[in-house]
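**Student:** Sequence:
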Amino acid sequence: MFALPVLGSNILQSISGSANAIWVSHVLGEAALTATANANQIMFLMLGATFGLAMASNIMIGQAMGARDEAMARRVIGTSTTFFLFVSLTLGILGNLLTPMILSAMGTPPDAKRDAIAYLRVIFSAMPFMNFFTFLMMAQRGVGDSRTPLYFALVSVGFDLVLKPLLIIGWGPIPALGIAGSAYSTLIAQSLALVAMITHLYRSGSMLMIRPSEARLLIPDISIVRALVLKGIPMSFQMMVTSLAAVTVMGLVNRHGVHTSAAYGAAAQLWTYVQMPAMAIGAAVSSMAAQNVGAGRMDRVEQVARAGALWAFLFTAVPIVLIYLADPWVLQAFLPATSPSLPIAVRINSFVLWGFIPFGLAFVFSGIVRSTGAVWPPLLAMIISLWGVRVPLANLLEPRLGADAIWISYPAASTVTLILAFSYFVWGGWRKSRMLPTTPAFSDEADTGLGGPMVEEAELIADAVVHANPPPPKAR
1 MFALPVLGSN ILQSISGSAN AIWVSHVLGE AALTATANAN QIMFLMLGAT FGLAMASNIM
61 IGQAMGARDE AMARRVIGTS TTFFLFVSLT LGILGNLLTP MILSAMGTPP DAKRDAIAYL
121 RVIFSAMPFM NFFTFLMMAQ RGVGDSRTPL YFALVSVGFD LVLKPLLIIG WGPIPALGIA
181 GSAYSTLIAQ SLALVAMITH LYRSGSMLMI RPSEARLLIP DISIVRALVL KGIPMSFQMM
241 VTSLAAVTVM GLVNRHGVHT SAAYGAAAQL WTYVQMPAMA IGAAVSSMAA QNVGAGRMDR
301 VEQVARAGAL WAFLFTAVPI VLIYLADPWV LQAFLPATSP SLPIAVRINS FVLWGFIPFG
361 LAFVFSGIVR STGAVWPPLL AMIISLWGVR VPLANLLEPR LGADAIWISY PAASTVTLIL
421 AFSYFVWGGW RKSRMLPTTP AFSDEADTGL GGPMVEEAEL IADAVVHANP PPPKAR
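Each residue of the sequence shown is one higher than the one before, starting from 1 at the first, in the numbering used here.
Take the hints with a grain of salt, since some may be wrong.
[Claimed, not checked] So the derived label-pair ranges between C-beta atoms look like this: (1) 213 with 85: 19 to 27 Å; (2) 397 with 4: 36 to 44 Å; (3) 350 with 207: 44 to 52 Å.
Since the hints were derived computationally from the structure, they do not count as laboratory data.
The C-beta atom is built at its ideal place from N, Cα and C for all residues, glycine as well.
Hey, can you work out the whole structure from these sequences and the hints?
**Tutor:** See the structure below:
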């Protein structure tokens with residue numbers, strides 16, 4: 001139940017991306033679709049740089065709430081707000097400056113490069129708004145609220161869906177902006193949704209909003225900044241490692257021509273929907289486990305892990321089966337029926353799709369591990385699977401198998417990721433890790449080390465988030 005609003009938010013964001021691909025491909029052509037596919041890889045790379053900081057803040061807020069330490073939670077919120085705004089603005093400026101060089105390094109096809117630059121420059125202007133919107137959504141989940149972010153994701157996507165065709169094609173006094181219109185739609189929609197969310201949080205008295213009388217909380221706390229950096233940067237690196245691998249793979253794909261690149265971009269639109277359920281479950285288990293870490297309830301962390309793995313498997317396998325049954329018709333939403341890219345996209349899916357099942361399971365186990373503050377092992381696992389398996393395997397087999405080598409490398413890397421993530425979950429030392437000094441030590445016994453009133457206060461917080469499977473009452 002906690003994951004469903006997260007899933008809803010992810011679905012809405014992907015609907016926006018799919019609408020963009022549909023309008024761009026059908027109105028502007030395959031070269032424009034290739035441009036957005038290349039540009040999106042760079043955008044995800046830059047977003048990944050801030051994702052880890054938002055995730056670290058989410059975990060710290062959750063642990064503080066689980067430990068019933070609201071003062072610490074508000075200190076984390078104030079410091080994170082200031083630090084996050086600074087990092088987001090810096091990345092937005094750097095992205096604008098470096099866009100042409102990055103696209104050239106990726107080997108973006110010449111007939112797509114100009115559109116990609118025009119698209120990305122606007123996207124990077126929107127990035128501070130996108131990043132802060134994501135930060136607030138994750139912070140709300142850290143305090144146990146996964147529903148409010150869903151409502152404002154709906155606002156953002158609603159604006160985007162209405163504005164996108166108007167700005168791409170033009171209507172009345174609105175000029176036709178082409179591919180740049182798609183990016184401007186994202187900028188306007190994210191800005192409006194962010195303003196609406198902040199207004200709502202202020203009016204509802206949310207603890208996430210720092211009042212003028214509390215402005216001192218916005219002065220960065222060095223100990224919290226240190227924790228954000230030491231714990232957040234490895235998680236950012238994990239996202240950046242993933243995005244860099246995707247950018248590298250995009251370069252390999254581009255070598256096979258615009259039709260293969262367009263097919264890859266269309267197939268990738270479907271992959272977002274396949275990954276979303278597992279990513280939503282992973283985000284939910286991380287927030288839920290963090291609060292139970294703060295409450296000192298290791299027994300519930302184990303319960304969350306088992307339930308999360310089961311639901312991730314089911315929620316990933318079902319859409320994969322449906323897509324296999326619906327190919328090639330489902331791909332015609334992104335590619336015309338007569339496009340030479342369509343059969344290529346079908347072939348790509350035949351290799352890649354099933355590999356998202358081990359990916360989803362690995363995402364859950366990594367989310368549990370990260371909830372304690374053990375952030376380096378998931379990063380190392382990702383580096384090994386992507387840069388030790390996916391990229392080298394694709395390069396090694398490409399001379400012999402052509403583009404198929406790229407598609408084979410996806411499930412191979414996902415399987416390695418699962419093996420590493422599950423192995424560390426079972427045998428690693430993550431249970432002893434901490435992100436906040438106020439977090440109580442773990443114990444294999446549900447109540448060991450806590451006295452009566454402290455247990456009951458901590459359990460109130462944990463119950464509010466877990467919602468299910470509380471251990472039976474025990475004599476104290």
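**Student:** Look at each hint and say if it fits the structure.
**Tutor:** A quick look at each hint next to the structure:
no.	hint	result
1	213 with 85: 19 to 27 Å	20 Å, holds
2	397 with 4: 36 to 44 Å	40 Å, holds
3	350 with 207: 44 to 52 Å	49 Å, holds
When each numbered hint is compared with the structure, no violation occurs for any of them.
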